[in-house]
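A.B. asks: Sequence:
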Amino acid sequence: MASRDYSFKFLLVGNSSVGKTSIVRRLCLNDYMEDQPSTIGVEFMTHTLTIDGHNIKLQIWDTAGQERYQSVGKAYYRNAIGVLIVFSLTDHGSFQALENWVDQVRKYCHPKVKMIIVGNKKDLVDKKAVTDSEIQQFMDSHNMTYMESSAKINKNIREAFFSITQEIYHSVVSGDIVLDAAPSEKLTNKAQQDDQGCKC
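Everything in the sequence shown is counted per my numbering, starting at 260 for the first residue and increasing by one.
Do not take every clue at face value.
What the hints assert, rightly or not - Derived pair list, reagent style DSS-like, types lysine-lysine, alpha-carbon separation capped at 25 Å: (1) 316 to 371; (2) 411 to 386; (3) 381 to 414; (4) 411 to 381; (5) 414 to 387; (6) 316 to 411; (7) 366 to 333; (8) 414 to 386; (9) 316 to 414; (10) 316 to 333; (11) 371 to 333; (12) 387 to 411.
Hint data in this document are derived by calculation from the structure and do not stem from the laboratory.
Kindly produce the complete structure, drawing on both the sequences and the hints.
C.D. replies: Below, the structure written as structure tokens:
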């Protein structure tokens, strides 16, 4: 069995009921639940992608969108290098909340975190509540990558993760990203080992 060459910490954030857990389940388990219960606190899964012949393990933290759980979720932001910020194409409020989620990610995650905005529930075209022009304006003003997905019909789930993983991988290989050193929160070697041990 080939060894895993890299391990990247991923985070999914966004308002409640936008489909974050369904996205993770579809990627990791190829499974979909019609009435997926809301996440309480955080949930964790792993998935391995192969890029340029290297196995890359994604440690995926799925955070709760409800405000009362957000303080818990922020504890898991630290050193996350890949983030999917998810909103529902059927919920304009979740789109309006993107600004706040982007700010939170930039504040608490790895200094060189890579983000992608995911508009989920693409299959519900007749219930779309966010216009293409609104989406384009937000992406242009924030210079961010965007992809529309549907966990229900398995549309662009793997592609979203692969896109951002590939970007991180090339930045790591080029030396632009150093995973072991978050300048804002450097730890001693022992503390780093202890911390990593808790997350595995």
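A.B. asks: Each hint needs a verdict: does it hold in this structure or not?
C.D. replies: Evaluated hints:
no.	hint	in the structure
1	316 to 371	19 Å, holds
2	411 to 386	15 Å, holds
3	381 to 414	8 Å, holds
4	411 to 381	9 Å, holds
5	414 to 387	16 Å, holds
6	316 to 411	24 Å, holds
7	366 to 333	10 Å, holds
8	414 to 386	17 Å, holds
9	316 to 414	22 Å, holds
10	316 to 333	22 Å, holds
11	371 to 333	17 Å, holds
12	387 to 411	15 Å, holds
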